[in-house]
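If you read the protein sequences in the order shown, they are chains A and B.
For the first sequence, the positions run 243 to 622 when our numbering is used.
For the second sequence, the positions run 243 to 622 when our numbering is used.
Hints are computed from structural coordinates only; laboratory data are not their basis.
The C-beta atom is built at its ideal place from N, Cα and C for all residues, glycine as well.
Accuracy of the hints is not assured; some may be wrong.
Stated by the list, open to error - Covered, in the sense of this in silico footprint (three residues per stretch, anywhere, with C-beta under 8 Å from a C-beta of chain B), are these stretches of chain A:
id : stretch
1  : 541 to 548
2  : 577 to 590
What the hints assert, rightly or not - Label-pair distances were calculated between CB atoms; the ranges are:
id : chain 1 : residue 1 : chain 2 : residue 2 : range
3  : A       : R473      : B       : A308      : 43 to 49 Å
4  : B       : A542      : A       : D370      : 54 to 60 Å
5  : A       : L304      : B       : M559      : 40 to 46 Å
6  : B       : R305      : A       : A542      : 43 to 49 Å
7  : A       : T250      : B       : D603      : 33 to 39 Å
8  : B       : R305      : A       : R473      : 56 to 62 Å
9  : B       : G561      : A       : V452      : 51 to 57 Å
10 : B       : A308      : A       : L304      : 36 to 42 Å
11 : B       : A308      : A       : A281      : 18 to 24 Å
12 : A       : V452      : B       : D560      : 50 to 56 Å
13 : B       : G561      : A       : R291      : 26 to 32 Å
Protein chains: 2
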Amino acid sequence: MASGVTGTVGVIGGGQLARMAHQAAIDLGVDLCVLTPDADAPAVRAGARHIPGSADRYEDLLRLAACCDVVTLEHELTPPELLERLAQEGHRVAPGARAASLGRDKAKARAVLAPHGVPTAPWTMASDSRELEAFGDEVGWPLVVKRPSGGYDGRGVWDLHGQEEARAAFEGIDGPLLAEARISFTHELAVMVVRGHDGETRVYPPFETVQVDGQCHEVFTPASVSADADREARRLAVAVAHLVELVGVMAVELFVTADGLLLNELAVRPHNSGHLTIEACPTSQFENHLRAVLGLPLGATDLEVPAAAMVNVVGSMDGRDPLEHLAPALAVPRARVHAYQKSARPGRKIGHITATGPTLDEARSTAARAASALSTAVPA
Amino acid sequence: MASGVTGTVGVIGGGQLARMAHQAAIDLGVDLCVLTPDADAPAVRAGARHIPGSADRYEDLLRLAACCDVVTLEHELTPPELLERLAQEGHRVAPGARAASLGRDKAKARAVLAPHGVPTAPWTMASDSRELEAFGDEVGWPLVVKRPSGGYDGRGVWDLHGQEEARAAFEGIDGPLLAEARISFTHELAVMVVRGHDGETRVYPPFETVQVDGQCHEVFTPASVSADADREARRLAVAVAHLVELVGVMAVELFVTADGLLLNELAVRPHNSGHLTIEACPTSQFENHLRAVLGLPLGATDLEVPAAAMVNVVGSMDGRDPLEHLAPALAVPRARVHAYQKSARPGRKIGHITATGPTLDEARSTAARAASALSTAVPA
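Based on the provided sequences and hints, a complete structural model is requested.
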C-alpha cells in the first residue's frame, strides 16, 4: 500500500468550499477530485485532482463518480434527478438526492418540514401577480420574494413594497415565485450540523450572521441570543438534519424573533457561515463533512475558544484585488487570512479572515481590522 | 490578475514538512513547487506542483528556482555551496547558504556558536580512534558519537562505552566524527524560532520532547521546566537565530541539566517538534516559515490553548500501515489526525496526532489514546 488510504472523495464543484475541503482531506490522507469546467478553480489551484466537466451533465458526473468512492457537492447546480440516477447505478452519493433536492428547492423544503413543526414565516407559492397581491394584502407588505431555487448571496431574492411592485414581479420570469411575509427579527443565526450514514448527528454552537445587501458579511460566536434561543436553534438544526436525511454537513439558517425561531434557508453542504469552525472547533465543518460522507466517526463540534469571528473579503468595486497586498492584514496579530485565489470581480467573495480571542469584542475587532487593512491597502 | 498572488515558494524536498507547508500555502494564496524525485511524495500527493529532480543536482535546483520567487528547503541534503551558487546567480534562497550549512554541519555550528556563549556539552572532532580514546579518557565515558552531517532520527548517532568500542568506531567510516561527553539531563526541549529578512524574530514557547531510540516520539507544551529555564531557552533560540542569520523557521534543540541549558542540535527548517503549532498557536510553524521566506509580516507565536501534545505515528514492525484504519483514532474526541500518505515502512514516520486540552495530562492522554488506537487496530 502506498498511502494509508482512507478513500477518495469526489466533489461536484471546485470553489472555495472544495478548496477548504481539500485542506481537510490532506490531514485525513484522503484524495479529493473536483468536477468543474474551470482549470483555475480555487480547489484546483490548491491541488485537488481536476475532472473537467459540468455539474449538470450526467456523463461528467459519471466520470467524477468513476474516480472516487463517494460523490458529494459544494453547490446546488446539479439536478437532484441526476444524483438519484448516480445512486441507482450503484455510486455512493452523500448527501443523497432527497437532501440535495430540499437544499435546492426552498418551497419543497418548507412543504416537507412544516408538517413536522419546523416554523417559517407565512409563505406561499405564487404563479402570477394576482396571487402575489392577494398574499401581500393578507399577510401585509412588504413581501420577500425568492426564486424557489438557484438564488444565493442575495441574488434571486428581492422585496415587494405593494401591489404596484407585485404587478411587475413576473416580468421576464418564468415559473412560480416563493413569497414570504417579511418578518422582523432581532438576530440571524446559522447552525451547522453534521449527520453520518448511521444517523448520528453533531451540532456546532449557533453562529450569528450579519448580512449586507443580502450577502453574508460577518459571522461570530457565541451568538448574542438567550440560552433558550441557543438551545432551540440546536434542536431545530438536528431535527431538520434527520428530516432531510442528511449525510454530511448542512447549514440551517434561522431568524430569531420576539415570538421564537423561524427557519430562513437551508444549505445542504459546507457553508460560508461555518468557516470559523476551522479555527474555533476541534473538527472543522470541512473535516466533519468528509468524515460523514466517508462513513468515518464524526468529530467534536464544541467551541474551543471563548469567541471567534469571521469577515468575508470581497472584490472591490473598482475591480482591484484586495488580496494582492496581504502584508497589512498579516500584520494584524492573530488574524488568520484565507485566500481563495479567485479573480477579484466586484462583490465576489475571494477570501475570508477569521480571528479567535478571549472576548467576542476582541475577536470581532481583530477580524474587522484585518479586513479593513486589505480594503484600504494601496495597490502597488 | 487571476489569483491574488503573493508568490510562489519552491521547496527542496517533498516530504511531510513540504506537505504541511502546502496546506499553509493554500491559506495564504501562495503556490508551492516541490523538488523531489518521487512522484508519490507526501507534498505531491497533497497537490503541490511537482518538479522532478534531486536535491543535490544543480540543474534540478535551477529548474526549481526558475518556477518560484524564493527557494527554501525541508531537509539537509543539498550541499550549501549549491545554495550559495543559486543565490549568486540572482535567485532568492531562504534560509541562506550560511544558515543551511550550519544546520547541516554539527561541528561547524558548534564552532561558530561557542564563541558567542552558546553552551554545549564538551565536544571534539576526532579523526581516528586514538583521538576518540584520548577524549573519552579526558571527559569520561560513555561518549556520544555523531556523523557531523547527514544523520537524523537517531541514525548517524551512537554511544561508545569505552576504549574497546572507540577502537572500532571508525570501521567503514570515512572522515572525522563528532564526539561529545554524554551529559545527564532532566529534560529535552525544542524551541521553534522564526526570523524574517529584516531580522525580526518571533519565538514559540519551548516544547518538551520525548525521544524513543533516538527518534522523536512525543512533544508537548507547556514544558515541565522552571520559569528560568523557559526564559533562557527562548533567549538562546533567538540568539542562535541571529547568529546563523536565519531566514525562516528553525528548531533549536536543548538539554536541560542541573547546571543550565546546553545546545543539542539545530534544524534550520520546519521540524517535527513544531507540528503542534498547527493547532496550538495562532500561526503555525509552516505558515510562519512561508511568511518569513516571502518577506511577509511574521505571525503570533503564543500558545492559544492551556496545553497541547503531539505523538508521531510510525510504520509497524510487521510492515502494516496503522493509518489504513483511521476510524478508531478519529473516534477519540479532540484527537487531530495528520496522515502523510507515505508507505508504512517499519519505524518510518507516516503521520502524527495532536491534541489540545484544558490540562497537559488531558492533552497527552488524548494524543496517546488515539495513537494507540491506530497501532492496535486490526487490519481488514
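Hint check results:
1. 541 to 548: holds (count 4)
2. 577 to 590: With 9 residues in contact (Cβ-Cβ under 8 Å with chain B), the coverage given for the stretch 577 to 590 of chain A holds.
3. A:R473 to B:A308: 43 to 49 Å: Given about 59 Å between the Cβ atoms, the range is violated.
4. B:A542 to A:D370: 54 to 60 Å: holds, 59 Å
5. A:L304 to B:M559: 40 to 46 Å: holds, 43 Å
6. B:R305 to A:A542: 43 to 49 Å: holds, 44 Å
7. A:T250 to B:D603: 33 to 39 Å: holds, 38 Å
8. B:R305 to A:R473: 56 to 62 Å: Since the Cβ atoms of R305 of chain B and R473 of chain A sit about 59 Å apart, the hinted range of 56 to 62 Å holds.
9. B:G561 to A:V452: 51 to 57 Å: holds, 54 Å
10. B:A308 to A:L304: 36 to 42 Å: holds, 39 Å
11. B:A308 to A:A281: 18 to 24 Å: holds, 22 Å
12. A:V452 to B:D560: 50 to 56 Å: holds, 55 Å
13. B:G561 to A:R291: 26 to 32 Å: For R291 of chain A against G561 of chain B, whose Cβ atoms are near 28 Å apart, the range 26 to 32 Å holds.
Checked against the numbered hints given earlier, this structure breaks only hint 3.
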